[in-house]
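**Q** Starting from the given sequences, assemble the full structure and let the hints guide the process.
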Amino acid sequence: MSSATETIEGFVKSDYKYGFITDIEAESAPPGLNEDTIRFISAKKKEPAFMLEWRLKAYHHWLTMKVPTWPKVAYPPVDFQDIVYYSAPKKAGDGPKSLDEVDPKLLETYEKLGIPLHERAKLAGVAVDAVFDSVSVGTTYKETLAEKGIIFCSMSEAIAEHPELVKRYLGSVVPHTDNFYAALNSAVFSDGSFVYIPKGVRCPMELSTYFRINAAKSGQFERTLIIAEEDSYVSYLEGCTAPMRDENQLHAAVVELVVMDRGEIKYSTVQNWYPGDEDGKGGIYNFVTKRGLCKGQESKISWTQVETGSAVTWKYPSCILQGDRSVGEFYSVALTNNRQQADTGTKMVHMGKDTRSTIVSKGISAGRGQNSYRGLVQVRKSASRARNFSQCDSLLIGDQCGAHTFPYIEVRNTSSSIEHEATTSKIGEDQIFYCNQRGISTQDAVNMIVNGFCKEVFRELPMEFAMEAQKLLGVSLEGSVG
Amino acid sequence: MTTETLPIRPEDPFLEALQSKDPSSEEAQTWLVPIRQAGIAAYSQNGLPTTAHEDWRFTSLANLREVTFDLSLAPSTLSAMELESLPDPLQGKESIRLVLVDGQLDEGLSSRSLLPQGITLMSMKEAIQSHQTSIKAHLGQYTYGNDSPFAALNSALFCDGVYLHLPAGVELEIPIHIMHVTSDSSQGRVSLARNFFHLEQRASATVLETFCGPNKGAYLTSPTLECRVEDQAKLEHIKIQDESPEAFHMACVYASIDREAHFKSHYLSLGGKLSRNHIRTHLNGEGLCCTLNGLYLAQGHQVMDQHMVVDHAKPHTESHEYFNGILDDQSRGVFHGRIHVRQIAQKTDAKQTNKNLLLSEEAIADTKPQLEIYADDVRCTHGATIGQLDEEAIWYLRSRGIPRATARRMLVHAFAGEIIDRIDHPCIRESLDQLIWDQLEKLPHFHTHTSTDPS
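Chains as they are written, first to last, in our numbering: chain A, 1 to 482; chain B, 483 to 937.
In short, the hints are calculated from the structure, not lab data. These numbers come from a predicted model, not from an experiment. Possibly wrong hints are sitting among the right ones.
[Said to hold, decoys possible] Heads up, simulated EDC-like pairs for lysine to aspartate or glutamate below, C-alpha to C-alpha not over 20 Å straight-line:
1) A:Lys72 with B:Asp537
2) B:Lys829 with A:Asp399
3) A:Lys381 with B:Glu844
4) B:Lys829 with B:Glu900
5) B:Lys833 with A:Asp82
6) A:Lys381 with B:Glu843
7) B:Lys829 with A:Glu419
8) B:Lys837 with A:Glu421
9) A:Lys347 with B:Glu536
10) B:Lys833 with A:Glu421
11) A:Lys381 with B:Asp811
12) B:Lys829 with A:Asp430
13) A:Lys66 with B:Asp811
14) A:Lys353 with B:Glu843
[Said to hold, decoys possible] Partner residues aside, some chain B positions facing chain A, computed with beta carbon under 7 Å:
15) Glu493
16) Gln852
17) Glu854
18) Tyr856
19) Ala866
Each residue gets a CB set at the ideal place from its N, CA and C atoms; glycine is no exception.
**A** Encoded structure:
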């Protein structure tokens, strides 16, 4: 057992390999938040008047709100006046017209991140929108998508070119009054991705966005909006990294999904923000609001997330199952190591008849990590014959960590059937021994067991992501069995 | 999780009365003064909670707030005849009976003839004076600093209750029955019984507590029970709540359990407009076992809330919670259970289940089964279900020639029987089995479901 512990510790200590800083001149707003900051952001982005109005409304509402204290995470209060709300890589001249004109240093960054941004994108068949600090730097594969009528662009572009869509859907799932961080995001969001899949179109490739926080002291507030019309389908991937810095940086994103009749959105996230060092110094505060609305009948939203990064995570990708026979799914692997804290889970709100939801949450705690699952399954009176199955399993590695489960189940009719199950366990000495006995090293055994533990979630991820997630988990856990 | 202090509602029914109390001059026993003061302070901090408090999210006290309570009402009396007319699950069986009327012990109605020597079973009012030394070290020590406003209210104002003490090695086979009766129908009566059960090493006892109110008034019973179960002792506690339909029943049970001890507690909720069991068990020794077992049957507009935290503070402890709810009409069942495993509590084995059966379209179930685990070598599971009878099980029975209605009855009885079967004491189990059977048969939608059944 002791040798196992040692290997695991060695394993846990492996470095964060995305911690580089790209030296690019950036154009920023001064730190602090007031009406002028918002006007500055809005003006910089040359937004129409309705957007500025919307932002200011959110800002004024935000001022009346208090920082939520109910999540099971502890961190020093964030000074909202010390954050740079807008930081954009400085453009030469009028800015890039195509990918070739994008600052090569930026492309290098993405190269380092392993993102197939340009040619490789085509080979990989992935269309990428990359958001650097707060600004979208280039969207690949746009024309191919345009042929099908699919809009995949940055949020700024969408505001400029498709204001009617933005006006109609922005804030329709996550209103600016929703919560503290959603209000903040609504006021200051700088960019993000916008996807529109027209009626009857099946998006031919995976759409993907990479987010990166680069500038010091800056916060990232991106906003993603995906709309899937009737009979359409899209699979969207999101990945994130940040440099290693001593101070904590704030990431407060909002993601909204809207699905019409028989449409489907599959949203996958591999979140690997800088988690801080072993003593919990630095790292990203990841306070994200993600919510999908299954508006039409037989629509479907599937969230898959692999959360390995961030110092503090506070995130509940949710589904509002409004349309009859709509389906919500949530698959999650959350890993906390060292002093990371995660309070994550989902909300499934059943409103339509015969709606179904599945929740599979796998929490892994190692080191001094604290991992909480918090989930709500709400069945409204109108949701006859709703069905939910929830399974929350926790795996503990080491004796300093914690795993917590806080499910909320509210049922308002009798024809529904709700099941919740949760287990907490550790990697058994007998399991390790069994593997050792068959010539498998302790480290490999841990990896195998953890991967087996997460299998149900990984198989929901697109192929490339599944591979990455497995590797990521292996790296994050290196050396941690007791 | 930080508990936010929310402003106290101006119409708080007890705040003013409490704050005008001055225990240092009013309380005759000086050692009780700090307990009283702590109760007043704890209550004054939040007053009666609203649904904005996480622990009261699903249980509104709005109805309670509307009643004008009179804390100065003197306890009334109950005649022997009236007492006989009350349901007694141990009728005709051997038992030691204590009767509390409006929270105060009535010696005339109680019968302790079967109480063996060496065991102390007496009024709390009396014990505070005569058994000061043995109570002083314990009273108020197990309430987690009055973590419920009703425990705080009780600490501040209780004047009587029951004190039970079993010395080391004493095993009591005859069950003790404590009957709590709220007697008259005057509005706004508050009964605050304070009970303390102390079982020394290897002692064992069975205590049945029943709560009833034969009259229809809107009253509040808020008993607080503290238990100390020392090494290898065994306590089986059964609580039946069958208050009058307008009554509020807000009970708090605190148990501190030591090495290799057994604490088995059963909760049956049948009556009251709004009732809540606030249970906290402190698992404070290796090799112990704690079982919390409950059944709630609600109909009409009843609200029944079960709120518990099992605190695993030492390694090698075992806990089980089983709560089943049968909800009819527009009733509401609330379950909050938390298994808290401290970092040192390795090898914890904890299990928690909450099952809810909804018999009508309007019934509501809210459940929050939670795990909070800081140790790695543990086995903790929890599960919760809300739903109807299993159609396949009904089909199975029907395919064997059993009519649908009978099949349905069989399954509901079995659902309740699961809980009753866990009671160890044979006499009590039998009479409760009968009691629950009769209660179930009386439920409005017991035989047919409100929605159109397919046959």
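**Q** Indicate, hint by hint, whether the structure satisfies it.
**A** Hints, verified against the model:
1. A:Lys72 with B:Asp537: Distance of about 15 Å is within 20 Å: holds.
2. B:Lys829 with A:Asp399: With Cα atoms ~11 Å apart, Lys829 of chain B and Asp399 of chain A stay inside 20 Å; holds.
3. A:Lys381 with B:Glu844: Given that 20 Å is the threshold and the Cα spacing comes to 8 Å, the pair holds.
4. B:Lys829 with B:Glu900: 27 Å, violated
5. B:Lys833 with A:Asp82: Violated, at about 47 Å.
6. A:Lys381 with B:Glu843: OK: Lys381 of chain A and Glu843 of chain B at ~8 Å, within 20 Å.
7. B:Lys829 with A:Glu419: 27 Å, violated
8. B:Lys837 with A:Glu421: 12 Å, holds
9. A:Lys347 with B:Glu536: 17 Å, holds
10. B:Lys833 with A:Glu421: 11 Å, holds
11. A:Lys381 with B:Asp811: It holds: about 14 Å lies between the C-alpha atoms, which stays within 20 Å.
12. B:Lys829 with A:Asp430: 15 Å, holds
13. A:Lys66 with B:Asp811: Roughly 39 Å between the alpha carbons, so the hint for Lys66 of chain A and Asp811 of chain B is violated.
14. A:Lys353 with B:Glu843: 14 Å, holds
15. Glu493: Because about 25 Å separates Glu493 of chain B from the closest Cβ in chain A, which is outside the 7 Å limit, the hint is violated.
16. Gln852: Status holds, d = 5 Å.
17. Glu854: Interface hint status for Glu854 of chain B: holds (5 Å vs cutoff 7 Å).
18. Tyr856: 4 Å, holds
19. Ala866: 4 Å, holds
Violated hints, listed in ascending order, are 4, 5, 7, 13, 15; each of the other numbered hints is respected by the structure.
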